[in-house]
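Keeping the supplied structure of chain A fixed, place chains B and C upon it in accordance with the hints.
Protein chains in written order, with the numbering used here: chain A, 1 to 397; chain B, 1 to 397; chain C, 1 to 397.
Worth flagging that the hints you see were computed from the coordinates, not collected in a lab.
If you're wondering where the values come from, they're calculated on a predicted model, not measured in any experiment.
Fair warning: there could be bad hints in the mix.
Which copy? The list can't say, so a pair holds if one copy fits it or any two copies do.
[Unchecked claim] Cross-link-like lysine-lysine pairs, in silico, DSSO-like; alpha carbons within 27 Å at most:
1. Lys342 with Lys133
2. Lys353 with Lys133
3. Lys387 with Lys37
4. Lys17 with Lys263
5. Lys71 with Lys287
6. Lys342 with Lys263
7. Lys386 with Lys353
8. Lys71 with Lys380
9. Lys23 with Lys239
10. Lys37 with Lys299
11. Lys322 with Lys204
12. Lys299 with Lys133
13. Lys204 with Lys380
14. Lys380 with Lys133
15. Lys287 with Lys342
16. Lys287 with Lys263
17. Lys391 with Lys380
18. Lys391 with Lys71
19. Lys299 with Lys5
20. Lys37 with Lys242
21. Lys239 with Lys133
22. Lys386 with Lys133
23. Lys287 with Lys242
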Amino acid sequence: MKEMKLLENINELEQIKNSLFQKDFLLTWEKSDRELKLILEIAIILKQLREQNISPRVFDSGLAVSIFRDKSTRTRFSYASAANLLGLTVQDMDEEKSQISHGETVRETANMISFLTETIGIRDDMYLGEGNKYMREVADALDEGFQNGVLPSRPGIVNLQCDMDHPTQSLADLLHLQQHFGSLDELRGKKMVMSWAYSPSYGKPLSVPQGIIALMSRYGMNIELAYPEGYELIPEIVKVAKTNSRESGGTFNINNSMSDAVKDADIVYPKSWAPFHIMQQRTELLKQGDKDGLLNLEKTCLAQNAKHKNWEYDMQKMNLTKDGIALYMHCLPADISGVSCKLGEVSAGVFEKYRLLTYNEAGYKPYIIAAIMFTNKFEKPDQVLKKIIEKNHSRIL
Amino acid sequence: MKEMKLLENINELEQIKNSLFQKDFLLTWEKSDRELKLILEIAIILKQLREQNISPRVFDSGLAVSIFRDKSTRTRFSYASAANLLGLTVQDMDEEKSQISHGETVRETANMISFLTETIGIRDDMYLGEGNKYMREVADALDEGFQNGVLPSRPGIVNLQCDMDHPTQSLADLLHLQQHFGSLDELRGKKMVMSWAYSPSYGKPLSVPQGIIALMSRYGMNIELAYPEGYELIPEIVKVAKTNSRESGGTFNINNSMSDAVKDADIVYPKSWAPFHIMQQRTELLKQGDKDGLLNLEKTCLAQNAKHKNWEYDMQKMNLTKDGIALYMHCLPADISGVSCKLGEVSAGVFEKYRLLTYNEAGYKPYIIAAIMFTNKFEKPDQVLKKIIEKNHSRIL
Amino acid sequence: MKEMKLLENINELEQIKNSLFQKDFLLTWEKSDRELKLILEIAIILKQLREQNISPRVFDSGLAVSIFRDKSTRTRFSYASAANLLGLTVQDMDEEKSQISHGETVRETANMISFLTETIGIRDDMYLGEGNKYMREVADALDEGFQNGVLPSRPGIVNLQCDMDHPTQSLADLLHLQQHFGSLDELRGKKMVMSWAYSPSYGKPLSVPQGIIALMSRYGMNIELAYPEGYELIPEIVKVAKTNSRESGGTFNINNSMSDAVKDADIVYPKSWAPFHIMQQRTELLKQGDKDGLLNLEKTCLAQNAKHKNWEYDMQKMNLTKDGIALYMHCLPADISGVSCKLGEVSAGVFEKYRLLTYNEAGYKPYIIAAIMFTNKFEKPDQVLKKIIEKNHSRIL
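If we strip away everything but chain A, and leave its shape as in the complex, we get (with noise of 0.2 Å):
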């Protein structure tokens, strides 16, 4: 019966052209509704075998590199669960560790560990203007590497979180969105309020906002951006969330009160982020290593964030939203008042509502990653899939 089921979905698949094969995924608007789609779906399918003690495995042997040029654990986690489940080993790149911790030699290192790797997860969201441009970078190294027959197959570069964009964050609330409401269709109409968050720490990335109202808008939803007057993110990408509210039939509104943005809300992401010109200074100074204008600028920051503290998604917020029960959303680790700091994103009482649902929206991440691993090595996933059912070898004996 289940694995009918599976068939099926399957079987839907095949109709669509797998345009990620051998293609990096470094943001979501370079990608097609179509593909975004086979992602959300083949993370589902894999997802399901899992449950059914079906592995998915699909390597043999074959490496995982990951990059991580930021902290991480929730990420972390989920680039090795998703390595593991495929059957490929995470080889952490360390650059303290390493023979490359600074200089031009992104190139070079680039192929020294990819001659037997198929895939390379990078983290790099520290520099405004950087991190992303890095992931390219690599990617280049990789194509003339793979194009000259240094390697002998191409890996695929999986963002796993830069300045403009948190793909996997994203998609995996995307899938959670998609779970919750039933389908994608359902999204149509909603209110989703992507909002800033009071919290006392400082210099948090752009890239979840960003990433949300650029994935989100394309579902026809009615996306209000709330911030405090001079948060802004970057322009560019607030233009294409713009263009895909347009295309996709919904709105794009921006708010300068989270009171007013929540209300009649369906969803409620309030989330923390660092204003955008301070990001474009701190960037400046850190390359600079200026630590009196570090210091310096966290005070300016902090104090202008205490503005705002009255940005907090409290209960009396939530009672403002559709029938007081929007979906509260967040990538976590949350600032939550009293509990993990004395004021923050979100009130205790809110939070602990939803904690339970946090936890699953997080628990799609693995799965979307190991989609995008899974895509980017197969032209034709469908096939592949089927021979797993076919083989049907049991994950745990």
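Coordinates of chains B and C only, in the frame set by chain A:
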């Protein structure tokens, strides 16, 4: 022939109901004699399978998370070996690299690292009253996640050393005794001395001596716990050992002289530890981050240690044991006089005589850990073992 | 067709008795020509198998321990790739995380990390007179453990660079030459220059130039070792190269001018190193922890280096080589003038011309390491390779 012997061993297992299924392994004294016996038996069967080049790999994929909150070589490699033997991939939760260095986010993190995880090994032995508690916090979080559909299965927790017990060590030690003396029954009536020993270092955890007396007292041995006045262990655990001794038909005695204690002993386990009340103070100071206080405590404690330099286990003391050849045991590394320090727990002569036996002792740990993982995951371990033998898949081609 | 070619290659192997079985790989000059040839041949066969999507996985489980006492990217990834290809899981022995940071516990630790271990790769190149010695200490400890039943099998040691040799590098270089010129026989009579080159850094190990002259002198080439006066290598190893050259029908010459040395050369390997006697002083100072002494030595040494800035391999020197197109080689990363430093070992123009070839050169290392592991583990490698082809298990589904 060998396969038949294996099948016999497995057929004997059948009688035992596996009540370890889906239960964490946190303290030996929470487990029944039958449960502990099952672990020893499965450890030996897994060892035999490997020796006969039959791969006991039962997982095609899956993570084995490790959380080491203290340094480790032996246990780290034992855990990695056990996971690898069964087909799991170790993913280390490095709190420095992660975002959870501090704070009360244990509940969340426990779920975030467990979406595709089969087992979590934890070492947390620095703070008295904290390590085991932390493991239970993780356990509660996993229970909640599993019960609410966040986690597809409930990863089993393996205590890799806490403030109270070091069960994988004490069970490896027990397996060593069983193999050395022929059977658990042969231990009945034997005299085993768990003795404090002098060390020039300070702050060694209590978990080994506690784990040893609490476990070994179950097999009808005459347990002698020896230490200089003031070097008490946690009273509740001493009480467990006393009760066990009474119930198993053995004896339990506390002695304040090493020379006296080792008289006619069959087994001697000389090992340094910090006094219970010092560890309590140390925990407080560590929590407060009181560096001066810690230095003062260390000074006092080392001065106190220095009064007991005669608590070295040397040839003279060894000669007092049964036939002068009591089995020497140690969890390693030992402080060996004239080798790893000027004066230590054991003289170079005694250690060298038993050195290879202590290596053998350590060699059981990977299989004990594998057996704990195995019994946690399979309700009917005998049937899974039979499947393994039927498949007869070579570990090395 | 391709499979037939593979079988032919394997049938040729049959003639060779595998005397590498259960022997460590510590220095190329301890190995016979036949043994080295076998490693090259198996490396190529493993590469072909992978290219034809036949998985050469021979281990269902097992650890490949790595001990890196110096930074590494290339070798770390090569080792990880080799282990993974054969089915082993890398477990890094991080001495900072372990309890053996210092001390004479090598013997014990070697056993503690080896209970389920198949191979141990070691890089230890910081101290002259120490690295190779350390590997032999580990080897002795493993011998003792294995002979006394502590270890179920004897893990093979792979020298991943020591103070004397860098055999996985030099063998990868040799395989590159073999593939580039068509065969080992084609190397006969070729002129190969191993030349010191200027670098703004200091203290680079001697193992690469030593490894190159000791290995390449076995194939009838005319070896020219070039360096400014005072930049001697370890005399005993130069002697090995001289003897090899005589016996193989080649020549060996020392030259104190790069321009002169490269005349009519077929192959040029320009690479910086620290003079032997400086490395001796450095080792002493490092042992004593004499920071001022080290700084002074560095200053003196850099000043001395600066006298030889004309030892850059540039277009002008390249034009002096045979037809102006001698094959340029480097173990990477190279100090490239105007790219990775102001003035370095090689001009940007020359490097760029051969850059992709140096990548190819590096690409052989994973297969060389895999072949070393393979020949260490299997007495009859040809039969195991035939089994692999028979099984014909796909690496990627």
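| request: Report the numbers of all earlier hints that the structure fails to satisfy, in ascending order. | output: Hints 4, 7, 8, 10, 11, 12, 13, 14, 16, 18, 19, 22, 23 are the ones this structure does not satisfy, whereas the remaining hints hold.
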